[in-house]
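A.B. asks: Each chain is listed here by its residues.
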Amino acid sequence: MPEFQLKDSVITSLNAQEPWPDNVKLFQPYEVEQILLPDNASCLAVQAFLKMCNLPFEVEMRWNAEFMSPSGRVPFIKCGAFVVSELEPIVQFAANKGVSLCGRLSTEEKAEMRAYMSLITNVLVNAELYISWLDDDTYNAVTKVRNSSVYPWPLGWLQTRSKRNAVAKRLKALHWQEKTLEQVLSDVEQCCNSLSQRLGDRDYFFGTPTELDALVFGHVFTIITTRLPCRKLAETVRRHETLVSLAKRIDEQYFKRP
Amino acid sequence: MGTVYAKAEPGESEVGGGLFEFEEPIELDEEPIPKPTVKLGGVRARVDRVHVDGLNRTKDDIIKSTVDDLFHATDFEDVILRAHKVRRALDSMGCFRDIGVYIDVSSGPGATPEGLEVTFQVKELSRIVGGVNTTVSENEGNLVVGVKMPNVLGRGERVQAEYSMGYRSSSNFSIAATKPYPHKPLVPVVSATVYQQNHEYPWSGYRLLDRGLLLDLAFRTSPATKHNLQWEGLVRDTSVLSKTTSFRVRESSGPQMKSLVRHIVSVDRRDEPIFPSRGVFVQFSSELAGLGGGVAHLKTELAAQASLPLTDTLSVQASGAAGVLHDVFGSELADRLYLGGPASLRGFAQRGVGPQHDRLATGGLAYWAAALHLWAPLPFVPPRAGLGGLFRSHLFLNAGCLAAPEGGAAAWQALGEARAAAGGGVALRLGRVARLELNYCVPLRALPADRAAPGLQFGVAAHFL
Chain A
1 MPEFQLKDSV
11 ITSLNAQEPW
21 PDNVKLFQPY
31 EVEQILLPDN
41 ASCLAVQAFL
51 KMCNLPFEVE
61 MRWNAEFMSP
71 SGRVPFIKCG
81 AFVVSELEPI
91 VQFAANKGVS
101 LCGRLSTEEK
111 AEMRAYMSLI
121 TNVLVNAELY
131 ISWLDDDTYN
141 AVTKVRNSSV
151 YPWPLGWLQT
161 RSKRNAVAKR
171 LKALHWQEKT
181 LEQVLSDVEQ
191 CCNSLSQRLG
201 DRDYFFGTPT
211 ELDALVFGHV
221 FTIITTRLPC
231 RKLAETVRRH
241 ETLVSLAKRI
251 DEQYFKRP
Chain B
1 MGTVYAKAEP
11 GESEVGGGLF
21 EFEEPIELDE
31 EPIPKPTVKL
41 GGVRARVDRV
51 HVDGLNRTKD
61 DIIKSTVDDL
71 FHATDFEDVI
81 LRAHKVRRAL
91 DSMGCFRDIG
101 VYIDVSSGPG
111 ATPEGLEVTF
121 QVKELSRIVG
131 GVNTTVSENE
141 GNLVVGVKMP
151 NVLGRGERVQ
161 AEYSMGYRSS
171 SNFSIAATKP
181 YPHKPLVPVV
191 SATVYQQNHE
201 YPWSGYRLLD
211 RGLLLDLAFR
221 TSPATKHNLQ
231 WEGLVRDTSV
241 LSKTTSFRVR
251 ESSGPQMKSL
261 VRHIVSVDRR
271 DEPIFPSRGV
281 FVQFSSELAG
291 LGGGVAHLKT
301 ELAAQASLPL
311 TDTLSVQASG
321 AAGVLHDVFG
331 SELADRLYLG
341 GPASLRGFAQ
351 RGVGPQHDRL
361 ATGGLAYWAA
371 ALHLWAPLPF
381 VPPRAGLGGL
391 FRSHLFLNAG
401 CLAAPEGGAA
411 AWQALGEARA
421 AAGGGVALRL
431 GRVARLELNY
441 CVPLRALPAD
451 RAAPGLQFGV
461 AAHFL
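Which chain is which? The protein sequence lines are A and B, in order.
Read in order, the letters of the first sequence are residues 1 to 258 in the UniProt record's numbering.
Read in order, the letters of the second sequence are residues 1 to 465 in the UniProt record's numbering.
Do not take every clue at face value.
[What the hints assert, rightly or not] The list that follows gives simulated cross-link-like pairs (lysine-lysine, DSS-like), each with its CA atoms no further than 25 Å apart:
{"id": "1", "chain 1": "B", "residue 1": "243", "chain 2": "A", "residue 2": "163"}
{"id": "2", "chain 1": "A", "residue 1": "25", "chain 2": "A", "residue 2": "51"}
{"id": "3", "chain 1": "A", "residue 1": "97", "chain 2": "A", "residue 2": "78"}
{"id": "4", "chain 1": "B", "residue 1": "184", "chain 2": "B", "residue 2": "226"}
{"id": "5", "chain 1": "A", "residue 1": "25", "chain 2": "B", "residue 2": "243"}
{"id": "6", "chain 1": "B", "residue 1": "123", "chain 2": "B", "residue 2": "64"}
{"id": "7", "chain 1": "A", "residue 1": "179", "chain 2": "A", "residue 2": "163"}
{"id": "8", "chain 1": "A", "residue 1": "163", "chain 2": "A", "residue 2": "144"}
{"id": "9", "chain 1": "B", "residue 1": "184", "chain 2": "B", "residue 2": "59"}
{"id": "10", "chain 1": "B", "residue 1": "243", "chain 2": "A", "residue 2": "78"}
{"id": "11", "chain 1": "A", "residue 1": "144", "chain 2": "A", "residue 2": "78"}
{"id": "12", "chain 1": "B", "residue 1": "226", "chain 2": "A", "residue 2": "97"}
Read the hints as simulated data drawn from the structure, not as lab findings.
Computed from a predicted structure; not experimentally measured.
Given the sequences, and given the hints that come with them, work out the whole structure.
C.D. replies: See the structure below:
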């Protein structure tokens, strides 16, 4: 359940001036048996961002990470007394501590970056939600099993059903529910097109790694590496080789330690 | 043996009466048993007929077996006593109001020389009774809408629904169906309840949303001994109250399913439940969770109370409570034991004793508490009459400890760190179920982590330490 209180956010920004502590923990659902495609993408994006910033953190997996999170979405970090969830607030939180990846970008570039980030949340995230919860094959074979894996019967069934309703309601409000799979895939295709056009043949979108790279990595890497009954989403994304190679590059550089 | 005439005057049903009359029916205990000035014990008498007037939908068989007792009377005094008992039994069925008893010599064909006729004049409760009221609890005000259907199937069955809405968008509801078996051995009562409950615990920083089903079998093995066997299955959703709530509390959020069996036995030999002056009350409850669901534990709690009159108006009361929780897996904050507050350990804030995390109570695994009271009527007010009967004043000394011990010798040491408080105040009786206390408390011994509450403390509860 989201809780936003003015007092809380004022306290957060006042106290956030201290340097980044060593005992920061990132909370997310169980990777092997529980996590779903959209959650995995955002967890990976946050991890990539923190690694790009060279901020130390430890990953902790909890079955109830989603419910522990102040916004109801994963991942979230615990930094001293603060809990901050999702990529953008975490980016803001790090910036308050003087750590930022886009410090040398001009105002226009920053605005452009924001635009691409919201393109991703508006298209890729919704497409992931659509595939996971509204595509019957994926829902029955993967989402249902994984989402209810941490609950005893019949709580798993109840939880999965209520979450499916919540996701359907959200997609309906965004006019995604009535789309066909083909329409969803063509939206994804367009989104990937504009991303790969912006990327061109550079290593990163703005020369050096930014949170946009982290976000693209999170989604692209998760989509191409997650095995689902519906392979069309992965195939669509895989056609954009520059994005795939960006994801592989970030994976090599930040996640593969000898 | 005589004859029972039930359903004497049909058409006497009343509509719409009893609205807002949500309480249990008439209190009969106050009524003194008629004391004969003439010695009635020797007057031979037998009951020829019993009439029950005003029956409409109540089934005959249940009335017959209730009044059957009257036919065994041998003298007049016996008839009166048994008639009184039958009246009480009819009342406890919860189907009638205004029960009148008339005894007359029998006449007409078949009348015997010592024969009597007993007539019970009853009014059935209407088919559906509703009520709207407001309540104020510690955290919020509620609007409660209730509907009760007494005597649905004609044998004392009851269906009761209640919906309450708080201004903080919390909504609670419960639907309960009850079926008594007044003539079976052990007088069992079976009931089933479906409920949804929303409750905030600001002392611990969490909010619970419980949805569940409770099946209950109540029976008595002696007039004073009551047993409840229960099965409860519930899904509870824990969430934190604010963004700055301690992480220890945050960790326990999320939905959990719990399935448990519970046995409660209580022995009540007090002269009255709210302000007892003599007698003993003991209640022992044990709860085994883990038959399915994600929470497994064994929880036992004991509460005892003994009162002894010193003089006509003064009485002394000793009470004690103890509880142990043995966690197997999955027990979270809501399952743990807490101590402190106006109804438990006075002189401390609600849940103010024992393990705390960022000033939020996180509960313990074992506790004990004891209290000693000296009860007296209000000074300068006649103790029994009018208002004086509603109030008592008392001096108290209470002590207790809550701990989350690791086991072994450390456990005993942790439970030895007693907290104590003393004080005095006034108590007001609220009906026959609850009382209200206003006390001035002086904490005598507290640990630095405890939240002591010196000064005035106010509490409402059904059961006090």
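A.B. asks: Give a verdict on every hint.
C.D. replies: Verification of the hints:
1. Under the criterion of a C-alpha separation no larger than 25 Å, the hint pairing residue 243(B) with residue 163(A) is consistent with the structure, at around 23 Å.
2. Among the hinted pairs, residue 25(A) with residue 51(A) is consistent with the structure: their alpha-carbon atoms are about 13 Å apart, no more than 25 Å.
3. A C-alpha spacing of about 14 Å is found between residue 97(A) and residue 78(A), which places the hinted pair at or below 25 Å, so the restraint holds.
4. Between residue 184(B) and residue 226(B), the direct Cα distance comes to roughly 15 Å. Compliance with the 25 Å bound is thereby established for this hinted pair.
5. Straight-line distance between C-alpha atoms of residue 25(A) and residue 243(B) comes to about 17 Å, which keeps the hinted pair within the 25 Å bound.
6. Straight-line distance between C-alpha atoms of residue 123(B) and residue 64(B) comes to about 17 Å, which keeps the hinted pair within the 25 Å bound.
7. Between residue 179(A) and residue 163(A), the direct Cα distance comes to roughly 20 Å. Compliance with the 25 Å bound is thereby established for this hinted pair.
8. A threshold of 25 Å between alpha carbons decides the hint, and for residue 163(A) with residue 144(A) the separation of about 10 Å falls inside it, so the pair holds.
9. As the CA atoms of residue 184(B) and residue 59(B) are separated by approximately 16 Å, the hinted pair is consistent with the 25 Å bound.
10. At roughly 12 Å between alpha-carbon atoms, residue 243(B) and residue 78(A) fall within 25 Å of each other, so this suggested pair holds.
11. Our distance criterion of 25 Å between C-alpha atoms is broken by residue 144(A) and residue 78(A), whose separation comes to about 29 Å.
12. Restraint check: the Cα-Cα separation between residue 226(B) and residue 97(A) comes to about 63 Å, which exceeds 25 Å; the hinted pair is violated.
Of the numbered hints stated above, those contradicted by the structure are hints 11, 12, listed in ascending order.
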